Structures are given as structure tokens and as C-alpha cells.
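Chemist: Below are the chains, spelled out letter by letter.
2 protein chains.
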Amino acid sequence: MASANAKSITRRDFLYRAAAVGGTGLLFNTMSAWGLGIASTAAAPPQLSGSGKGKKILILGAGLAGMTAAYELGKLGYAVQILEARSFAGGRCQTARKGFTLTELGGDAQTCGFDEGEYINHGPWRIPYHHQSTLHYTRQFGIALEVMVNDNDNSFVYLENGGPLSKQRLRPAQIKADMRGNVAELLAKTVQAKALDQELSSDDKHLLLDYLAHEGQLAASDLRYKGRSGRGYAINPGAGMVPGAGTPSDPLGFKDLLASKVGHVYSAVQDFPMQNTMFQPVGGMDQIARAFEKRVGKTIRYQAEVQSIRQNDKGVTVNWKDSASGKLASASADYCICTIPLSVLRTIDSDFSDSFKQAIASVAYAPVGKIGLQMKRRFWEEEDHIYGGHVLTDIKGINTISLPSAGWQKKKGVLLGYYHYQTAAIEISALTPAERVEFALAAGEKIFPAYRDSFESAFSVAWHRVRYNLGGWAEWSDKSRAKAYPLLNEGQGRVLLAGEHMSYLTGWQAGAIESAWQQIARIHERASA
Amino acid sequence: MASANAKSITRRDFLYRAAAVGGTGLLFNTMSAWGLGIASTAAAPPQLSGSGKGKKILILGAGLAGMTAAYELGKLGYAVQILEARSFAGGRCQTARKGFTLTELGGDAQTCGFDEGEYINHGPWRIPYHHQSTLHYTRQFGIALEVMVNDNDNSFVYLENGGPLSKQRLRPAQIKADMRGNVAELLAKTVQAKALDQELSSDDKHLLLDYLAHEGQLAASDLRYKGRSGRGYAINPGAGMVPGAGTPSDPLGFKDLLASKVGHVYSAVQDFPMQNTMFQPVGGMDQIARAFEKRVGKTIRYQAEVQSIRQNDKGVTVNWKDSASGKLASASADYCICTIPLSVLRTIDSDFSDSFKQAIASVAYAPVGKIGLQMKRRFWEEEDHIYGGHVLTDIKGINTISLPSAGWQKKKGVLLGYYHYQTAAIEISALTPAERVEFALAAGEKIFPAYRDSFESAFSVAWHRVRYNLGGWAEWSDKSRAKAYPLLNEGQGRVLLAGEHMSYLTGWQAGAIESAWQQIARIHERASA
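Quick mapping for you: the protein sequence lines, in order, are chains R and Y.
All the letters of the first sequence, read from the start, carry residue numbers 59 to 587 under our numbering.
All the letters of the second sequence, read from the start, carry residue numbers 59 to 587 under our numbering.
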């Protein structure tokens, strides 16, 4: 498989490889998906026959990749052991609620003080509908799902550097209606002026004008955009004579819209990973971790910090330290699945080859920070009629204020006060927990007058400062994808790597699960040989 | 107030009228809403002071308008009595579940045979975020809400008469990506060809090209549209080398898209009533009816069919018939709020003036039909990865197949097999319940191969054939809005009208509630005078 560029493989290549990797089950799924014109997606674990009885597999890390591997290999009869550095399972699949503690490297201890029933998913927080691998387990384990509102046209867009539209609470619905309305009008004008007669037949022109009038809701008489109900009303329609039909709102000016660059907050269609329908588990993302843990928990040795990884042609030996007692111990197995993030693995002593070590060290990890703010009152629902979704802003280090998609109309709620990456994440993570709160409140109150007064309690995380993660997710460059990724994907000897980093779904739980599915198929193939 | 055109009133007029109708509370809300640039909306019942003690109000109809009036007037101390023709409260706010019965006029009896826990909201089924009046009561009564997925880009569009794209299961995401991508490319080309130099400054051209490249995800090098991940993949990205980055999908041809007119299934922004976030009560829409009934049920006389309405300058007398026993009775009160649909009211004997009667008779009611189909398997989730939302089709009499927004990943589910109006509704309502099922299955299996085999049980309604409704909702023409609506809104003597028909939110529960709010304010003003 080596360094093939996955984007350029032919269909035949793909089918060949699908059969090689996943057996005929995967091949069949792939073909039937094509036949129906539906995107193929890894929707179920590999169908493996035979037995793993008498073979031992050591798994490093009880995140979703590790627990997926343990669960599926356990069903085949393998003797599985997981070493987990933390005192709980789930890896980054965490939910902060009352009593949850975190001490970042060099940071102050935080204990979550949210009210009973309130929480923030400070790790993964969304499950796209096409992440069928994650959804395979929510279904199989009976984990209740609810819609995560990832797209809300009635939310706010608030730009500090938005030119003529700076510091206004714009609604995405207004922006979409007015930008697309004006663009439709402009193109309609062009078509009518015969500027596109070389491009379009007379029939096409007629059809295009028809489409533009519909898309932009242009006036039938002159194909001009004059506002529309979809951008919202000044006074909403209601009963009786007043408000009666309501009062239309005035469109934003096209030149102001262009100059503000506010049209960049949306696009023709949502990016693939962000499309509706988006889910979250009822009660917190860690319901997934708990469901796995319930099934494989007895194989997990907690607070076991891996010290070194060694192998020979018979097996793998891992030395680890009990972080509570400080005692050293070791575990051996026929094969090892290592799900430790590369950011951490690079610091662990091993007998991997130099090129393998270099590949591990070549992968960057994303600095990422989030903060959950418990508000004593849902002012965003009560005053602004925003139910879930994201307030988008260019306030440095904030990016989004995301409103909860659960507990509708309840008294309190926990919102996401920022979600930042890279430089901003590094800068803000240097603040104390209390200073981070102040940073978030100072920004939020620019948008919501009730923000500061409603604040009760916070929990923040900077993933690049979390001991056993050292980053939010792997960030592959084109170069490391071409060079390091194929090498790491092969594993080394009896050690195979799994986790979100071993996928093109980095930062998503599906990447961890699907990567585990691939590696257990390989181990089983080798162990059965 | 008379026949003023609500759309053309000035802001000053509006404020004046708002104060006159709703008192200073409404005036304040309106002004502050303007100040913040948020659409005003009727969000709470009128703040009425004083007492209604010693005054009797007779309410005709225990739908949401009638029960809202009873609930709010009851709090003021009025003696309230409701006459309800049915044996249950809620009016059109109904949910069909196991055991629910319906016999349409001239039709066969239907008893819903869905499994325990399965249901269809065959009346109202959606609560838009801006229907703050409905949401006022769901919050006050503690009715749990969940998201109703009203917009799903991964659903299907299936056209029988879609020209070159006929009989294909297209995804809205594909259509949006490709239509808007091509339109963006076309306009970018025009801008580059200097065809718009008279319209746009050099800066504006630059900004517009920048926007178009983003909206259409055009290639940076040549501003051409070449597909995008947002339209979905041929093979989704995943783990390892295969599928790795996945395989992109090919865009639909622009001329095919134009010729198919498939771009009409979406628009720049969702129409105002259809925008996210959309809600439904957990467990069925009738949770709202039940919550009201719990509070005002003791004032309701069920199975009481109104026979006549008479008034003099002292009060109102209504003669009614117990539909179980056939016995006649009468009830008197100081004032009457009549929420009986105009389609039914026109058949009831009254001493209304001729012009008032003519106004009542001039309002058309919508023929509307729906069918719920219980499927033994959620093939739309399992095979097509469609979670909620609407499959849109031009198959005559179907319009939409809507997938349930609850019970995600459960075994069974009830989908909406059609939702039709006007001629189609009239034609299909002439079929027997079994024939309607066959009609729905024959259409659905064109889109979903598993449709017919998965079918278990159905419940259908044709609202224009439902005895106490005779239509889905009031359909005002421009003429009847101008002439009949103001007249009916005034009521006659001591009888005031309320219901969705007395609003610009026809067919929505909010129209019923807000109309009731307005009329109780008027009654209280008159009773207090």
C-alpha cells in the first residue's frame, strides 16, 4: 500500500485494496454503495471469522480506538489487556460535569462546579450523520441521541472588524438573504443585458433567470431584490390587525455586505463534516465512553503510564508505572495496538526504527482550547430567540460562542464561551482558569448584554496542556501525509498504531473507531496466518 | 382599526395601536425590540390588571385558542365555561397513537394501530423558534421539547418530471453545491470580463470575486467550479490508506440542473416560518393540548355541539346538544369567545348581522391530507443515512415524505407518507383508508426500495372531511383579508372570534394562541369598563 496517494487511486485499485483490507464484506458494501450512488462509508466493524483464542493483545490507551479494539477483539476470543494512564476511560471523549477535575501541565487544579445536570463536552461534541462508525456503536449500545444544532440562521454574527457592519448583531438569515438576493439580481441583470449570450442558449437563459428569481426571491416585475420574509421581520406577523401581517425588515446594503466580508460566514453548502443532521448523546458525549467501559472495563488497568515499548519476533513487552504507587510493572503480548497520541508517543522510550520514530515526531498536534460557562439564565433563548447553534465572531480568541442543544427552555444552561486553535489557543492557555473566564466574559458581553451578570461557573481546557494528550488532534501537513502517514499506518513489527491520528478524520471519534477497525483486521489476519 | 392595511402602517401608527391594543407592556416590548434590532413578536399574554370576578365568559371550542382564553381569563377571576364538540380537548392539536380513532365524514372508521410509543402528529407538527407564544406555554407548562429536523441536506429530492435528472435520488447538498457553484462561476466570469464595470467599483469587483470564490468554492487558479466536499463523496474519507482521504464525487452538469428546475427545492434562505431551530414536543404535539387540558379541563363540557348563538345587550346564549344523549341544553354568559372554525361556524344558526355572516362564509378552508406509515425498520436511517427532514418529490399527491425526528436509531418508526393540499387532497381523500395506504406505498417504493416491505400500519386524515374542522386552516384571499378579516376581527356585540383563522399565522398554533390573547384583552377592557 505504501505511499500511494489515496485521492488518485483508480476505482479498480480501490476495490482491490478494499478486498485486501476488509475482506469480501467490505468489498460488497463498497460495490453496493456505488451501485446505489451513495457514498461508501465504514459503517460496521470488519466481519472476521476464526478465533483469537490463546493469543494475547496489549492495547495502549483506553480511548475510543483502544476500547473499540478491545471490544471487537474480545468477541473473537483474544485475551485483551488495556493500559490506561488516566484513572478513567474514554481518552478525549470526556464530559465535564459537577466534580470533574483537571489539572493542566503547569496549571491550577480545576474542579467543575456546574449544577447537577449541567455539563460541557469539552472534547468531541458533534457526531455527523455520516460518521456511521460512531453511530454503529451508539445504536448497538443503545446510547440515546439528540440533535446537536450545528446550523442556526437565527444566531448572531458579530464582527469587530467588519467594516461598515462592525459591532452589529447580524443574523445569518439576513446575510444569506441579502447577499444571495443581490448576487442573483446582479447575474439576472447580466443575463438580461445579453452579456452571457455566448455562454448560454436562449433556453438556458430563461431557465437561469427563473432559478435566480427563485433563489433571490427577486421581484417578478423587474428582477430586483427588495428584501424578503426569510431575512426576518421588523415586526413579526401575528394575530388580529396589529401586528397582523407584520412589518417587513429592510435589507442590508450590498456594498456594505461586500465591504464587511460577512458573506464568508456561510457557503453554498455546509462543509461535509458540518452538515445536518448532527447528533450528540443525551446527557453528554462521555455516554459513549461509559458504554464502552461497561463492556471492556474489566480489561483496563488504570493509572498505568507506559514507560517503554520493546518487541522481538515473539512478542511485545511494555513497561509501565502505576502512577498512584509509583511501582513499575510490565506486560507482554503477542501483538500491541498503540493508541497513544503521537504527541505523547514521541516522548516514550521504544525500540522503533529511527525512521519510524522520525515519522512519529514529524506530526504536529493542534493547540485547542474550550471553555464552558454556566449561565443562571438562558438569555440567548429568552431574549434573542437563539436555540442552539453558534454565534460567530472575529473577536480574537473567541471564534464561536455556542449555545447548548439540550435543556431547551430550562432555567440554566452551559454555553461554550470560546473554541480556539493555534496561536490564540497557546496565548490564552497561558492564563489562569480565572483569567480565562474574564477573557471569555469580556468578549461575550459585547454581544449579549446579560452575559456577565448571568455567569455562575466555568470549566476550561487547553488540550495541548493536558498531560496525556498534548494537543487536540493530529494535524498532518501534506508532506507528513505523504511520507510519515503510510509508514505509521503499516505499524512496526508487532506494534500497530490506531487512533484519530491514523485517519483522515482527525479530531473525530469516527477516525479513532475506523482506525481501530482496520488494525484489528490486520492483527487478526497475521495472528490467524 | 377597521380596514387599515397592516403592511403600510407607519411606525408611529404602530406604536399608537400597540399601546391601544396591548397596553404599555406591549408598547415597551415593541420599543425595546426595535432598539435592539430584534423583530417584535407576541411573546407573552397581555398583562391585565383588575379582576373578572362575577363575570361569566362562554368559550366555544377547546382547541388551543379556547383553552388559552380559558386559562388566562380564569387567572383573572372570570367564571369560564368551554363547550367542546369532541370528547377530547385540543382541537387540531392532535397526535395519533395506538387506539386513537377517527371517522371522517362519509368515511370508514380508522383506529390507529401503531406500536406503543409510535405516533404521528397529523395536525400541527412544527414549532418555529419565533412562535414565542406557543413557546411561552411549553416553557410555562414544562413541556419537554426536542428538535424537529426541518432541513436536511442529506435527504432526497426525487423528481418524476425533472428532465435530465428525472427519477434520481438527488441529495439537496449536491444540488445546492452544484447550482450555486456554477452560478458563482458564471458571475465571476462576467466580472472578470468587465461586463459589470458600470455597476461595480474596482474594490467592489475584488470583494465580489472573493465572495463568489468562497460561496462557490471555486478553484483559486481559474475561478471554476469543480465540485466540492460539501456535495458528498463517492467514497467517504476514513482511516488508514483506504479509504484514507476518500474519493471526491463528480458534480452534476449545470445545463442538466437548469433543465431539471431542481434548483427550486431551496432558496437563498429558508422561508421565515420554516427556519431552524424548529421544535416538536417530546412524545407528540398533543402534549400541549394535554397540558392545557390539565389546567382548564374542569371548565370543559365535552361532546357539546353548538346549535345556535344568540345575544342581546345583556349577554350571550348558546344552545347546544349533547351528542351522546341527544339532549338539548343552553348556556349563557356576559361574553362569548367563539373559536369554532369559520368553515363550521357558517353552518351554525346565529343572530349575527348579514354582513358578518357573509364575511364568515367568504373565507376558504384548505383541503389538507396526511398519512402516517409505521415501518418495521428505519431503512432511511440504516441504508440512506437520512435522519429526519423531508424527501421532496413531484410525485402527484405526495409532495413530501417526512422522516421522524425522534426515536433515532430505534428499530421502528412512523414516517409521514404524504402531505398534500388542494386538488390532490380532495382527490385522494375520496379513497378508502386502505386505498390511501396503497397510494402512499406505490409512490414511496419508487424512492425507497424497502418501503413496501417495511410497512406495517397506517393512519390517515383528510382535514376537510373531519367533522368539526372541515378544512386544515383558513385560507384568506387578498380580498377576504381586506374586507372580511377586519370585520370578523371586531367580532359582533358580545361575541368575539378567536383561532388561527383570526391571524396571519394561519395553520399555526401560534395564530390560535395570539388571537386568543388579543381577544381576552378586549373582553377584559369591555368587562372592566
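Since the hints were derived computationally from the structure, they do not count as laboratory data.
Bear in mind that the values here come from a model prediction, so they are computed numbers and not experimental data.
Wrong hints could be hidden among the right ones.
Identical chains blur together in the list; that is why a pair holds if it fits in one copy or across any two.
[What the hints assert, rightly or not] Computed cross-link-like contacts, DSS-like style, restricted to lysine-lysine with a CA-CA straight-line distance of at most 25 Å:
id, residue 1, residue 2
1, Lys-225, Lys-504
2, Lys-541, Lys-114
3, Lys-468, Lys-356
4, Lys-263, Lys-319
5, Lys-319, Lys-247
6, Lys-263, Lys-234
7, Lys-379, Lys-225
8, Lys-234, Lys-319
9, Lys-469, Lys-352
10, Lys-313, Lys-469
11, Lys-415, Lys-352
12, Lys-468, Lys-352
13, Lys-263, Lys-252
14, Lys-385, Lys-225
15, Lys-234, Lys-352
Chemist: Run through the hints listed earlier and report the numbers of any the structure violates, in increasing order.
Modeler: 2, 3, 7, 10, 11, 14, 15
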